[in-house]
Amino acid sequence: MSDATDDTKQPKPEDGFGQLVWTLDRGLRWPEDILNLLAAVATMFLVLIGVYQIVVGMRDLCFPIPGTYPSDDWWVAPSFGFEDYCVPLINAPMFGYIDMIELAMPILAIIGIAYCMRMGTHIRMDLFIGRMKGRPLWTIETFNALVMLIFALLMARFSYDFFDDAFTLGDSTTDAEIDTWPSKLLVPLAFCLLAVRLMVQFLGALRLAANPALPPVGVIVQKDIAEQAQEEIREAMGSTR
Amino acid sequence: MKEWLFGEAADTPGALFGIGYNFDVCLFAATETDPGTACGPLLVGTICILLLFGLAILGVRVAFAAGIAGMVGMIEMIGFGPGVSTVGTIPYAKTSLYALSVLPPFILIGFLAYHAGMTAKLFDAARKWIGWVPGGLAVATVMAQAGFAAVSGASTATAAVFSRVAIPEMLRNGYNKRLAAGVVAAGGTLATLIPPSAILVIYALIVEESVGALLLAGFLPGVVSALIYAAIIILWAKVQPDAGPSVGGYKWGERLKALPGIIPIFFVAGIIIWSIYTGKATVTEAGALGAFVILIVAFTQGMRFGGLKDALMETARLTVMIFTLIWGIFIFVTFLNYSTVPQAFSQWIVDLPYNPYLILLAILIGYAVLGMFMDAIGMLLVTLPIFYPAVMALNGGDYVTRETSAFGLSSTEASIWFGIIVVKMAEVCLITPPIGLNCFVVNGVRPDIPLGDVFKGIAIFFIADVIAIAALVLFPDIVLFLPDLMSPG
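Chains as they are written, first to last, in my numbering: chain L, 1458 to 1698; chain F, 353 to 841.
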């Protein structure tokens, strides 16, 4: 990634405030990386469980019994009660599969949000801000980080209530009756981490707004469209071989 | 719980500006002859839409701009406590859905596709089978890209990998630089229509249609687009034979030998379509099996564990980005429904004294303009909450039949049809200046082809896209043929 925030070779800045932001930024990286790694592992599990369901579980796949089939389009059979015409091959679907996937969705979809923010992956419109430089740019970036920070704090605070209700009332999934609170707890945790990351971005932008000549630390450095294209190429084909 | 942080929060509507349900406050105050415009909730809606765009233009991440505007609006409409409590449940409620679990496997397939070495094999097979037509290598590129689309939902990624595989081959055979670059940039856009396509899944979720129906619906329009591209290339090569000489002379044995290498692609496309048609597996399971097969192929092609880890990390990151957009937009949509803006806008559109097709054309032109400034997914998500209900109302509302509707489509059909058209529209924006990302990607891989030449090469494909969109608008059966087969009757 070409984001300044992920440039591990970047030296520690000389100014005291910069060093503080640098330290906070580095300190935040390992929880962010671990959470995104967890999401990556969960993605692999999602794939493997899906393969199990389809190949080993053979949920609905069955042999047509010769002579009993009403038509030769046996492969579109499910709409007319196929068990009358065929026998299950192996029928061992995973119990509560859908419930488990739904409860795991915050791992796949939410806990990496701070990592995503650090990498600058959340999309934005570059048309206006892409043309700004120096102090005006960093002043706007300070404002942006502050607005998102307030939002993240409110979200953390009130998604906690949602968890709290589930915990107090003992909410569970309808099918397999698994408790939902551990899954709901992930949301406020992810927002807390996001708030800390936005705090770092806010401080980093504030530092550059005060003195745009300093080396950037803890902020996302603007990429123009050609650099974005380079990034797309890297993502599609791995390292530029 | 709330008291320790906010004390006795003002739980009355109109908490921020005092206009939530105050119908005396209007955008343009009532006079004796005019009843006034956008009062109360409608005014809040208008302000928050402006807030969303204001924040987005300032560079606040689109998902957050939508979330913030939605939260401000909710607080205004139903008071602080109820407002933020409702908003606080949305990220969990809108992501913990089984239907959404289809996205990570689809995205993973795309990231693994290059490592599986499918690009070169597809191009090789396409060249041997159809290289003999005028502009043969360029036509082969389009067909190979259409095939690659079956394992990739990302337009820019498809353009990137084919820039590396197809452009050198075309230039070696004396092809016009502009044609070579243009075809690769344009062919990349096929990826979003041919399943698996993440953007169509997102559309289906936002408008509450069947994910399977949308995925199937994209297939034929993707194929039709590819055929129109091919026709244009052949025409170009006929008019200017030096621009794209044909490459022939392959024996049938060579052609058949090229086929086994591309079997995994047909397998992935087949398993997804099979699962949608038969319902014997969910689309997530089919996507998972597809990803697994591509993973195995990638390992046999020399991908290491490190490559898998990178692909998974990238997948996780992109997944979070898309989900953040989804729940951010849902916060905004929840608020919009309180504000009655979509209903008012729909009513206004329906009352316009113009032909529905003319209004649709105006909306599509609006998309083309917006697409010049915004990323495709962001543009779709931000505009759909307003435009989708309006187009549905234009067609005749929720319970309309084919006979009584404006476009000759039932409401479900209209919703699928409009989805394919706007997604195609958003893709066109990937090849138009000033931010046609696909063109920049081609130029990024091949810096020897100037950006100006890429944009000149793309011009003719832009015309092809306009023809394709016109065909989709006028002949909705291209979109609806496959989904109609799915539902009996």
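Simulated from the structure, these hints should not be mistaken for lab results.
A few of these clues could be false.
[Said to hold, decoys possible] Calculated pairs, EDC-like style, for lysine to aspartate or glutamate (alpha carbon to alpha carbon, straight line, at most 20 Å): (1) F:LYS632 to L:GLU1634; (2) F:LYS632 to F:ASP836; (3) F:LYS609 to F:ASP476; (4) L:LYS1590 to L:GLU1684; (5) F:LYS808 to F:ASP594; (6) F:LYS661 to L:ASP1636; (7) F:LYS661 to L:ASP1556.
[What the hints assert, rightly or not] According to the in silico footprint, chain L covers these stretches of chain F (three or more CB under 8 Å from chain L): (8) 556-565; (9) 585-595; (10) 744-755; (11) 788-798.
A virtual CB, placed ideally from N, CA and C, is assigned to each residue, including glycine.
Has the given pair, F:LYS632 with F:ASP836, been kept, meaning a C-alpha gap of at most 20 Å? 18 Å, holds
Three or more residues of the stretch 788-798 of chain F near chain L by CB distance under 8 Å? Three-residue rule met by the stretch 788-798 of chain F, so holds; n is 6.
Restraint status (C-alpha distance of F:LYS661 to L:ASP1636 at most 20 Å): 31 Å, violated
Holds or violated: are the alpha carbons of F:LYS808 and F:ASP594 at most 20 Å from each other? At roughly 17 Å apart (the allowed maximum being 20 Å), F:ASP594 and F:LYS808 satisfy the hint.
Given hint L:GLU1684 paired with L:LYS1590 - CA-CA distance at most 20 Å: 17 Å, holds
When you check the alpha-carbon spacing of F:LYS632 and L:GLU1634, does it fall within 20 Å? 25 Å, violated
Given the hint that F:LYS609 pairs with F:ASP476, test it: the Cα-Cα distance must not exceed 20 Å. 10 Å, holds
Counting residues of the stretch 585-595 of chain F that have a beta-carbon nearer than 8 Å to any beta-carbon of chain L, does the count reach 3? violated (count 0)
Can the restraint linking F:LYS661 and L:ASP1556 be considered satisfied, given a maximum Cα separation of 20 Å? 27 Å, violated
In terms of beta carbon proximity below 8 Å, does the stretch 556-565 of chain F have 3 or more residues touching chain L? With 0 residues in contact (Cβ-Cβ under 8 Å with chain L), the coverage given for the stretch 556-565 of chain F is violated.
Given that the stretch 744-755 of chain F was listed as covered by chain L, double-check it with a C-beta distance under 8 Å for 3 or more residues. violated (count 0)
The structure fails to meet hints 1, 6, 7, 8, 9, 10 from the earlier list, while all remaining hints are met.
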